[in-house]
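Top to bottom, those sequences are chains A and B.
Mapping to our numbering: the first sequence position 27 is 27, numbers consecutive.
Mapping to our numbering: the second sequence position 227 is 227, numbers consecutive.
Just so you know, these hints were derived from the structure itself, not from any lab.
The reader is advised that the hints may include incorrect statements.
[What the hints assert, rightly or not] With the Cβ distance kept under 10 Å, some of the chain B side facing chain A (calculated, not the full set):
1. G10
2. Y18
3. I72
4. L75
5. I99
6. M103
7. M137
8. A242
[Stated by the list, open to error] Calculated lysine to any residue pairs in the SDA-like style (CA-CA distance at most 25 Å, straight line):
9. K55(A) - M75(A)
10. K11(B) - P100(A)
11. K128(B) - F31(A)
12. K58(B) - G234(B)
13. K55(A) - V124(B)
14. K11(B) - L44(A)
15. K53(A) - Y28(A)
16. K190(A) - P110(A)
17. K190(A) - P100(A)
18. K42(A) - V124(B)
19. K11(B) - M75(A)
20. K128(B) - F41(A)
21. K11(B) - M121(A)
22. K53(A) - N36(A)
23. K190(A) - V278(A)
24. K11(B) - P206(A)
25. K128(B) - L20(A)
26. K190(A) - Y287(A)
27. K190(A) - M121(A)
28. K55(A) - D257(A)
29. K55(A) - E73(A)
30. K128(B) - L27(A)
31. K53(A) - V124(B)
32. K55(A) - L44(A)
33. K11(B) - L217(A)
34. K190(A) - L217(A)
35. K42(A) - G131(B)
36. K42(A) - L62(A)
37. K190(A) - H8(B)
38. K58(B) - I29(B)
39. K55(A) - V278(A)
40. K42(A) - L27(A)
We put the CB at the ideal spot given by N, CA and C, even for glycine.
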Amino acid sequence: MPGRRFVIGVPYFWLILFFLLPFLILLYISFVDMGNDIHPFKSLWDAQTGELKLKYANYSSLFRSGEDGELFETMYVEAYLRSLWYALCTAVLCLLMGYPFAYFLARSAPSVRPALLMMVMLPFWTSFLLRVYAWKGILADQGVLNQGLMFLGLSAEPIQLLYTDVSMLVGMSYVYLPFMVLPLYANLVKLDVRLLEAARDLGASPWTVFWLITVPLSRAGIIAGFMLVFIPCVGEFVIPSLLGGPENLMIGRVVWDEMFISNNWPRATALAVLMIAVIVIPLAIYYYYFNGAAAEPENES
Amino acid sequence: MKTFLEKHFGKLWMGLGYLFLYLPLIFMIVFSFNGTRQDAVFTGFSLRWYEALAQDTKIVNGFWLSLQVAAISGLVSATLGMFCAFVLVRYRRFPGRTIFSGMVNAPLVMPEVVIGLSLLLMMVGAQKFLGWPQRGMLTIIFGHTLLGMAYATVVIQSRLLEVNRSIEEAAMDLGALPHQVFFLITLPNIYQSLLAAFLLAFTLSFDDVVIAEFLSGPGVNTLPQVIFGYARRGINPTIYAAATLLITTVTVAIIGYSIWVARQARQRRREIAAAARAGLKALRRGASPEAMLAGSGGVIGQ
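Generate coordinates for the entire structure from the input sequences, incorporating the hints supplied.
Structure representation (C-alpha cells):
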C-alpha cells in the first residue's frame, strides 16, 4: 500500500536525517584525534595506510588527568558528580514540596480543581528563561529578599545567596516543581477514598493511613515525577549559567566550554556521549520499576 | 473525613506553593514599572523600561525572528508529530518499529546540550560538503522541530488512541476513500490535539535558548538568546518589561482558550441532550432502539 509507505516513510526519513545521523557523527568524532583550527578533527582512517585509528584516549582522559594522575580525580568527573548531586537534591526538594501540594490539589473541591490546576500550568507556559532571570534579581545581594531580611532585622548585612548552592537549588526546584506536581496529581486524584475511610474505620491514625495506604498507592506517580525532574536537571545549562558561580559548574556547561572555548571537538563529543549514558541508566531503572508497577493489579476498582 | 489540621495545613501549604510559583512573575511585573534601575526598592511608577524595550532593536528583531521560527517549527512539528502518532498507533507491525519509536521518544529525555551539539556537528559537515545550510534561522528551525515533534507526537498519540475506529470503518464500508476518511472523519476528531501540539511546540521553540545557542549563526539571535546575553551581564529592567508583556499575553491566551474549551464542552452536552430527547421521542412513537441510536447521529455512540 503506497499510502502506508508514505506515512511511515516521511517521519522515518526525517528522524534518520536529524536524529540518527547527527548522533552517529557525534559518536564518530568522539573516537578520533583532535585536529587543528581549520579541521577540528582528524579522520578515523589514515588516508595513506588505510589503518583504523580508534582513539579511546578521548574517553580515558576524562577519568584520569595525565599519565600518572589519580583515577576519577578530574574536573569532568567532578562536574558529572555535581550534576547528578544537584539533580538528586532538586528531585528530593520537589518531592517534599510537591507531594503535599499535589495531595491537597487532588483533595480540593472538584469545582475549583481545573482553575487550581491551570494556575500550576500557567508559569510553565511563560518563558522559562525569564522566570530564572527573575530569581537573579530576587536573590542578589542588594535584591528584594536580602533587603526584606535586613528591613525585618533578621540579618545585619546581605547574605550571599546568588551564585551559591542555595540559588542553584531554588532555581532548579522552582523550574521543575510543576513536573513533579502534575504526575503526582494525576495519580492521587484517582486514589480510591474508600480505602482510606476503611482504614480509618478500623482504627488507623491519619498518619498511619497516609504512610501505609496513600504513599504506596501513589508509588508510580512518585517515580514518574522523580524521573521527570531528575533527567532534565542533569543536563541543565541555563540555570547554572545564570544562578551559579564557578563552583557550581555542571556538565552541560563543560561540554559547551570544551566545544567553543577549548575547541576540542573530540573531547566535547566524548563528554556528550557519556552524558547520554548517565541519563540512560536511571531511565532504564525507571522503566524497570514502571513496568513492574504496571504489572501489579493495583487498579481493581 | 478531613481533620481540622488537614484542612488548614492544606490551604496553607498550597498557598505557599502558589506564592513560590508566582513570586518571580509578580516580582518582574512590579519592577518593570520601577522608576530607577534599582532592583530592591520601588522608587516610583514609570514606563521608561517599556520605552527602552520598544527602542531596543536587538530585542525587537529577536522577537520577530523567534515568532517566525516558533510558527514554522510549530507547524512542521505538529504535522510530523501527526505522522509519527499515526505510525505508532495504527501500524503495529512494520520493520524497524522499535527503532522508530525509540527515535521519536529519545529527544524527550536527551539533554538539549546533546541535541544542539550533535545537530551542530551535522550542519557543519553538511555545509562543508554541500555548502548548505548556512547556520541561521533554518538550522534553528531544524533543531526546534526535532524537539517539538517529539512532544507533538505524545499529545496527538494520546488523542488518536481514544478515537473510535468503528466510525472510520463505517465510512469505509459506505465507500469513502482513505483520504476522504482521513479528512472527513479522523481529522475533525483530532484537530484539538493538533492545535494543542502546535501550541506546545510553538512555546518550546519560543522559549528555547540552548539549541538556538548551538545552531544560530553570526548576527542571528532569537529573543531568548538576546535575553540570555543580557541576563548574564546583570540586572536590566528592560527584560522585566518584556516579561510583563509576555506574561500578560500568555494569561489572556490561556484564559481565552479555557473559556473556548468550556463552551465547546457545553455545546456538546446540549447536542447530546437534544439527540437523546429526539431519540426518546422516536422510541415513544414505536421505533426500535437501534433506530433511536442511529437517529442520534452517532453522538451517543462515541
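Verification of the supplied hints:
| no. | hint | result |
| --- | --- | --- |
| 1 | G10 | holds, 4 Å |
| 2 | Y18 | holds, 6 Å |
| 3 | I72 | violated, 15 Å |
| 4 | L75 | violated, 14 Å |
| 5 | I99 | holds, 8 Å |
| 6 | M103 | holds, 4 Å |
| 7 | M137 | violated, 16 Å |
| 8 | A242 | holds, 7 Å |
| 9 | K55(A) - M75(A) | holds, 21 Å |
| 10 | K11(B) - P100(A) | holds, 10 Å |
| 11 | K128(B) - F31(A) | holds, 20 Å |
| 12 | K58(B) - G234(B) | holds, 17 Å |
| 13 | K55(A) - V124(B) | holds, 22 Å |
| 14 | K11(B) - L44(A) | violated, 63 Å |
| 15 | K53(A) - Y28(A) | holds, 11 Å |
| 16 | K190(A) - P110(A) | holds, 13 Å |
| 17 | K190(A) - P100(A) | holds, 16 Å |
| 18 | K42(A) - V124(B) | holds, 15 Å |
| 19 | K11(B) - M75(A) | violated, 45 Å |
| 20 | K128(B) - F41(A) | holds, 13 Å |
| 21 | K11(B) - M121(A) | holds, 19 Å |
| 22 | K53(A) - N36(A) | holds, 17 Å |
| 23 | K190(A) - V278(A) | violated, 33 Å |
| 24 | K11(B) - P206(A) | holds, 18 Å |
| 25 | K128(B) - L20(A) | holds, 19 Å |
| 26 | K190(A) - Y287(A) | holds, 22 Å |
| 27 | K190(A) - M121(A) | holds, 20 Å |
| 28 | K55(A) - D257(A) | holds, 21 Å |
| 29 | K55(A) - E73(A) | holds, 21 Å |
| 30 | K128(B) - L27(A) | holds, 19 Å |
| 31 | K53(A) - V124(B) | holds, 23 Å |
| 32 | K55(A) - L44(A) | holds, 9 Å |
| 33 | K11(B) - L217(A) | holds, 23 Å |
| 34 | K190(A) - L217(A) | holds, 10 Å |
| 35 | K42(A) - G131(B) | holds, 20 Å |
| 36 | K42(A) - L62(A) | holds, 19 Å |
| 37 | K190(A) - H8(B) | holds, 23 Å |
| 38 | K58(B) - I29(B) | holds, 21 Å |
| 39 | K55(A) - V278(A) | holds, 21 Å |
| 40 | K42(A) - L27(A) | holds, 14 Å |
Of the hints listed earlier, those the structure fails to meet are numbers 3, 4, 7, 14, 19 and 23, in rising order.
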